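Chains as they are written, first to last, in our numbering: chain A, 519 to 765; chain B, 519 to 765.
Since the hints were derived computationally from the structure, they do not count as laboratory data. A couple of the hints might just be wrong.
Same chains, same label: a pair holds when it works inside one copy or across any pair of copies.
What the hints assert, rightly or not - In silico BS3-like cross-links for lysine-lysine, where the CA-CA straight-line distance does not exceed 27 Å:
no.: 1; residue 1: Lys630; residue 2: Lys689
no.: 2; residue 1: Lys630; residue 2: Lys728
no.: 3; residue 1: Lys703; residue 2: Lys742
no.: 4; residue 1: Lys559; residue 2: Lys689
no.: 5; residue 1: Lys541; residue 2: Lys579
no.: 6; residue 1: Lys637; residue 2: Lys585
no.: 7; residue 1: Lys630; residue 2: Lys687
no.: 8; residue 1: Lys761; residue 2: Lys723
no.: 9; residue 1: Lys637; residue 2: Lys579
no.: 10; residue 1: Lys689; residue 2: Lys742
no.: 11; residue 1: Lys703; residue 2: Lys728
no.: 12; residue 1: Lys637; residue 2: Lys705
no.: 13; residue 1: Lys541; residue 2: Lys589
no.: 14; residue 1: Lys559; residue 2: Lys579
no.: 15; residue 1: Lys689; residue 2: Lys637
no.: 16; residue 1: Lys728; residue 2: Lys742
no.: 17; residue 1: Lys761; residue 2: Lys728
Please read these numbers as outputs of a predicted model, since none were measured by experiment.
2 protein chains.
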Amino acid sequence: MIIIYLYKVSQMADYFVLLVEPKIEGNVGAVARSMMNFGLKELGLVNPCEIGDVAEKRAMKAIDILKEARKFDSLEEALEDVDFVVGTSGVETHGERRFIRIALDPEEASNKLSEVNGKVALLFGREDFGLLNEELTRCDMLLRIPSSEEYPILNISHAANIVFYELFKHKTLKEKPRKASGFEKEKLHEHFERLLDAINYPEHKRERTKMMFRRWVGRATPSKWEFHAMMGVISSAADRLLKSKND
Amino acid sequence: MIIIYLYKVSQMADYFVLLVEPKIEGNVGAVARSMMNFGLKELGLVNPCEIGDVAEKRAMKAIDILKEARKFDSLEEALEDVDFVVGTSGVETHGERRFIRIALDPEEASNKLSEVNGKVALLFGREDFGLLNEELTRCDMLLRIPSSEEYPILNISHAANIVFYELFKHKTLKEKPRKASGFEKEKLHEHFERLLDAINYPEHKRERTKMMFRRWVGRATPSKWEFHAMMGVISSAADRLLKSKND
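Build the full structure now, drawing on both the sequences and the hints.
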């Protein structure tokens, strides 16, 4: 039997960040920086405030994203070639029209969006009024950031930053330090047991303490290096004690 | 037979947000706002810049958090009554022996922190240089936000905002075994150091191995019982070795 493994390259959506009528240029710059921090490139501005020095300063290294931002006179114009529209809503509203604000949290939204192809617009509304109802009705998905009831309104660049972070988190596999293998770990446990012997650890407590150490190692998930450093200390202590016992 | 179920209200950690030498007052205000967005209250500032109108404007409704922020002359002073120290690191260093900066992502860190009781300090470093190595060595756990390699440096209030968001998201209400306090932990570290003495551990590796052990304990978040069992083994090994050395 021949088994063929197919590794498909994921078809990622193209994200297009769209700020609707931003009023504070510093926020626009901060959004640009945050976009670059999480690998997003395309920024659009619908009827923005003037974008000057303050925005540029806040953009830091993301100045190109800011300078290349496309400006639009209306949301409709900005959404012309967009396949899927995601809106963000800071406010949970009550009453009959609230259905238009039923929202996913950023993690749920990121999971769903990983299945979407094409061009996805991420809409962020005005600093004071957010997105208007007619703008929300244009959205295919709504997203809301869970936050304290006492003060649920995030700064717009902070809200965008969390959305970008969740999107980034869901498509990347962070490289981690190499973990100790099972075999190596068993060696560590053997040396720990030798150490218990060497210090004449009470018999009736032994199983429990060995398990404590096993759990401890399990939860700490030491890297290969950390693991060898710990093994060095424990085996050396055990060797010396057992040697002085036998002398 | 009568079974009595006791539902204990969870002992959640107290979070203490600590900005180390912030240079831009707007960032301090933005952090205060973000704290309130996610239900955090206590802010500390180590040698901050002047905090004036710009900070207050950015804090918006979180003005009280800003006004009640405690100021400290040194990190040591700020950490006096703190049980567990979390540092944030913007820079990823390569090679697993760059142990000093091996970090968890905010989600992993939040999961671990949900098991910690007592007072937890969340450290954020300078806008330009982050936390210095000697400050990082004081940390029980390090945290790093996954971000684009092209531009991995987040604005400090954006970084803080993501950490607060993940903590808020992961808040769990579940009874947990009592964790070892900061004072007890320092005792464990003292005994570990005595053990290194007792085995004539090479001088040039000592600082690194002590830190490895500190991080290991930090990530494993041992219960009080586990902690005492480990302390028993280590102190007993050290005692016996030092005694046989002096005989």
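The hints, checked one at a time:
1. Lys630 <-> Lys689: Answer is both: 11 Å inside a copy and 23 Å across each meet the 27 Å cutoff.
2. Lys630 <-> Lys728: both (21 Å within a copy, 22 Å between copies)
3. Lys703 <-> Lys742: both (10 Å within a copy, 24 Å between copies)
4. Lys559 <-> Lys689: Only inside one copy: Lys559 and Lys689 sit 15 Å apart there, 33 Å across copies, limit 27 Å.
5. Lys541 <-> Lys579: both (22 Å within a copy, 19 Å between copies)
6. Lys637 <-> Lys585: within (21 Å within a copy, 45 Å between copies)
7. Lys630 <-> Lys687: Classified as both; 13 Å inside a copy, 18 Å across copies.
8. Lys761 <-> Lys723: Both, since 24 Å and 24 Å are each at most 27 Å.
9. Lys637 <-> Lys579: Within. Shortest intra-copy distance 25 Å satisfies the 27 Å Cα cut-off; inter-copy 36 Å does not.
10. Lys689 <-> Lys742: Answer is within: at 22 Å inside a copy they meet the 27 Å cutoff, but 31 Å across does not.
11. Lys703 <-> Lys728: both (13 Å within a copy, 20 Å between copies)
12. Lys637 <-> Lys705: within (18 Å within a copy, 36 Å between copies)
13. Lys541 <-> Lys589: Intra 14 Å, inter 33 Å, cutoff 27 Å: intra-copy only.
14. Lys559 <-> Lys579: within (12 Å within a copy, 32 Å between copies)
15. Lys689 <-> Lys637: within (15 Å within a copy, 34 Å between copies)
16. Lys728 <-> Lys742: Classified as both: same-chain Cα gap 21 Å, cross-chain 16 Å, threshold 27 Å.
17. Lys761 <-> Lys728: both (22 Å within a copy, 25 Å between copies)
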